[in-house]
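Visitor: Chain by chain, the residues run as shown.
There are 2 protein chains.
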Amino acid sequence: MSADPRAARRARLVEALDDDLGALVVTHPANVRYLTGYVGSNGIAIVGRDGASLLTDFRYKSSAAEQLDAACELVIRPRDMLAGVPDAAAVVAAGGGIAFEGAHISFQQGSRLSQLLRDAGHQAASRADLVEGLRVVKDADEVAAIRRSAEVTDAALQRVLAGGLVGRRERDVAWDLLTALHDLGAEGPSFEPIVAAAANGAKPHAMPGDDPIPAGTLVTIDMGAIVDGYCSDMTRTVATGPLDAKLTEIEAVCARAQQAALDATRAGVGCKELDAVARGVITEAGYGEEFGHGLGHGVGLEIHEAPRVSSEGTGELASGMVVTIEPGIYVEGVGGVRIEDLVVVTHDGCEVLSKTSKDPAILLAGS
Amino acid sequence: MSADPRAARRARLVEALDDDLGALVVTHPANVRYLTGYVGSNGIAIVGRDGASLLTDFRYKSSAAEQLDAACELVIRPRDMLAGVPDAAAVVAAGGGIAFEGAHISFQQGSRLSQLLRDAGHQAASRADLVEGLRVVKDADEVAAIRRSAEVTDAALQRVLAGGLVGRRERDVAWDLLTALHDLGAEGPSFEPIVAAAANGAKPHAMPGDDPIPAGTLVTIDMGAIVDGYCSDMTRTVATGPLDAKLTEIEAVCARAQQAALDATRAGVGCKELDAVARGVITEAGYGEEFGHGLGHGVGLEIHEAPRVSSEGTGELASGMVVTIEPGIYVEGVGGVRIEDLVVVTHDGCEVLSKTSKDPAILLAGS
Numbered sequence: 056m057s058a059d060p061r062a063a064r065r066a067r068l069v070e071a072l073d074d075d076l077g078a079l080v081v082t083h084p085a086n087v088r089y090l091t092g093y094v095g096s097n098g099i100a101i102v103g104r105d106g107a108s109l110l111t112d113f114r115y116k117s118s119a120a121e122q123l124d125a126a127c128e129l130v131i132r133p134r135d136m137l138a139g140v141p142d143a144a145a146v147v148a149a150g151g152g153i154a155f156e157g158a159h160i161s162f163q164q165g166s167r168l169s170q171l172l173r174d175a176g177h178q179a180a181s182r183a184d185l186v187e188g189l190r191v192v193k194d195a196d197e198v199a200a201i202r203r204s205a206e207v208t209d210a211a212l213q214r215v216l217a218g219g220l221v222g223r224r225e226r227d228v229a230w231d232l233l234t235a236l237h238d239l240g241a242e243g244p245s246f247e248p249i250v251a252a253a254a255n256g257a258k259p260h261a262m263p264g265d266d267p268i269p270a271g272t273l274v275t276i277d278m279g280a281i282v283d284g285y286c287s288d289m290t291r292t293v294a295t296g297p298l299d300a301k302l303t304e305i306e307a308v309c310a311r312a313q314q315a316a317l318d319a320t321r322a323g324v325g326c327k328e329l330d331a332v333a334r335g336v337i338t339e340a341g342y343g344e345e346f347g348h349g350l351g352h353g354v355g356l357e358i359h360e361a362p363r364v365s366s367e368g369t370g371e372l373a374s375g376m377v378v379t380i381e382p383g384i385y386v387e388g389v390g391g392v393r394i395e396d397l398v399v400v401t402h403d404g405c406e407v408l409s410k411t412s413k414d415p416a417i418l419l420a421g422s
Numbered sequence: 056m057s058a059d060p061r062a063a064r065r066a067r068l069v070e071a072l073d074d075d076l077g078a079l080v081v082t083h084p085a086n087v088r089y090l091t092g093y094v095g096s097n098g099i100a101i102v103g104r105d106g107a108s109l110l111t112d113f114r115y116k117s118s119a120a121e122q123l124d125a126a127c128e129l130v131i132r133p134r135d136m137l138a139g140v141p142d143a144a145a146v147v148a149a150g151g152g153i154a155f156e157g158a159h160i161s162f163q164q165g166s167r168l169s170q171l172l173r174d175a176g177h178q179a180a181s182r183a184d185l186v187e188g189l190r191v192v193k194d195a196d197e198v199a200a201i202r203r204s205a206e207v208t209d210a211a212l213q214r215v216l217a218g219g220l221v222g223r224r225e226r227d228v229a230w231d232l233l234t235a236l237h238d239l240g241a242e243g244p245s246f247e248p249i250v251a252a253a254a255n256g257a258k259p260h261a262m263p264g265d266d267p268i269p270a271g272t273l274v275t276i277d278m279g280a281i282v283d284g285y286c287s288d289m290t291r292t293v294a295t296g297p298l299d300a301k302l303t304e305i306e307a308v309c310a311r312a313q314q315a316a317l318d319a320t321r322a323g324v325g326c327k328e329l330d331a332v333a334r335g336v337i338t339e340a341g342y343g344e345e346f347g348h349g350l351g352h353g354v355g356l357e358i359h360e361a362p363r364v365s366s367e368g369t370g371e372l373a374s375g376m377v378v379t380i381e382p383g384i385y386v387e388g389v390g391g392v393r394i395e396d397l398v399v400v401t402h403d404g405c406e407v408l409s410k411t412s413k414d415p416a417i418l419l420a421g422s
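Taken in sequence, the protein lines are chains A and B.
Be aware that the first sequence starts at 56, since it is given in my numbering, and climbs by one per residue.
Be aware that the second sequence starts at 56, since it is given in my numbering, and climbs by one per residue.
Chain A extracted, bound-state conformation:
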């Protein structure tokens, strides 16, 4: 008899609660899905010492019934569900206080929920990162889903690159990536693809534009899929022909920094220290100011989740974490480069899930 992973996650969440708390009101959709399997909007999960329930409204009655496990009770409420939370929480909280996710409820609604809970005689408390703390280490099923998601991303990028880039508009290439993700079975993209050529590549989060992609420049393509609810994330920067000295240099520096960070990735390394490995290579080459973001982030049910691998990151990597390793160099008015792999952290290193070649000359032949 194998336990449902959701029931096991709820048990771990209850263990993480302060002693004086009896239940957590979960309002973040990714956390709700992780704990109950519910997929849809307007769902609130309540996980307590004496059980769990999922509140939703009329619109999701039949789909929610199909999604929950047997140990999670379904409660159908009017569309404004907050008023039903105190009663539903009291059922499972074993007399303890009721916490809610302060980072995932509005100030207005959080204030209202606190008042409703106090009016019903409960202690109310805001807590952060309780479920995120569980989600940071992935179980085998989660890694398998992320691996499938990364495979779809690889296949989609390779299909689009095979068609060439020169003369095409960034936004059309971005659409082709979306089409390829769909054709290959993704539920959707994990974010809108970035396709940024030439000077546009100097914007880390550029929006795909209407100009034709020129020859002899760098094109940064950042994309990912959602498969079985799990995200992937990969960036490649490809050359559309021979590059000038500056672009050649920043690409090579970024590639060295990325490889150095991959080589240093393993359980036990500090998030800040790992960021410093890549940042050191780039700074030494004189581009420290042009690497204005962190090295990476966790990926799972969300495209950006814990841990944060940056100069402000805290804690260490652990086996089973899935993170990106993505240094970049952005030279305003000139161009940019970013190289990103998705990796699973292991005891003595990491497994790189992104398989597409990192050679910028991948396109030189067909461009």
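Hints in this document: simulated from the structure, not taken from any laboratory.
A quick note: this is a predicted structure, and the numbers were derived from the prediction, not measured.
Among the hints, a few may not be true.
Which copy is meant is left open, so a pair is good if it fits within one copy or across any two.
Claimed, not checked - No farther apart than 25 Å at their CA atoms in a straight line, the calculated lysine to any residue pairs in the SDA-like style are these:
hint, residue 1, residue 2
1, Lys410, Asp196
2, Lys116, Ser365
3, Lys327, Ala138
Fit chain B to the supplied structure of chain A, relying on the hints for placement.
Guide: Showing chain B alone in chain A's frame:
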């Protein structure tokens, strides 16, 4: 010399502030865009009696500079921008208190911002719906953008319907709708299209599935575009062949209810009263329990915005509001129907922006 609409909107916002307040900290992306033109993540607008500023981080420096009007100052801050809000707000608040959008900041961040403001010697207050209250009546440019968005939606649906539905998977039809929206110039869909056939149509928010669409049933298609930042929204329920008596009946009842509501739409009618017009027709026909959502909602920079046209709606329609009129009937295990137009409210009626035929037999010939 015509004033920038954003400056005019900011002036109206300042007029709407309580006398003791000097500025509003705007964190909702649609509100930030409405007031400043800034499009991107991680932007905070501060609108005060003595001016306006937009805070964002390094990543959006160059794009933000292109988007703002001359009267709005750009402030680049570290990625966690909240700590910079008190100083930036003090510059424009003319000594008054500082309000923030309590519905659009997390409980955790709102509590932190309150503390930061008080530590800096400001009065801090949570306010709701100040910008939404301005956005509810659209100006001519906004209506023009919504009209273009509705035209793209019409054209996309007609293109896909021309290819027939029978034997195709709902999810493939949904993808074709997305492709058509893209080809026709939409920035994106305003939400993921709903394509729900047969019993799936009984779920108001069904996810497109993998079963082939059968002949002789109803297929509900709910979709919209984003054009120049503005959303559209339209639902048609089409027949894939001759229908049985039950489906014929619910379609006819829904169509009558929808037309009755359109006929009653004009400036001055109560939101609740308008909902009751459609609900009355459906209830009289014996399907009141099967119409489990409101009649409609406002549409603009967001797909769902004020006003709420439902049994719980408050206030009256006004000229220049853009709302949906979308009654539905959902018979579990059997099927469903929803018919939705996007309309501009006028002094003595409304202009229907959705032009696609509402005849359910539109597909009978080609199916």
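Visitor: Which earlier hints can't be squared with this structure?
Guide: Violated hints: none at all, because every hint is consistent with the structure.
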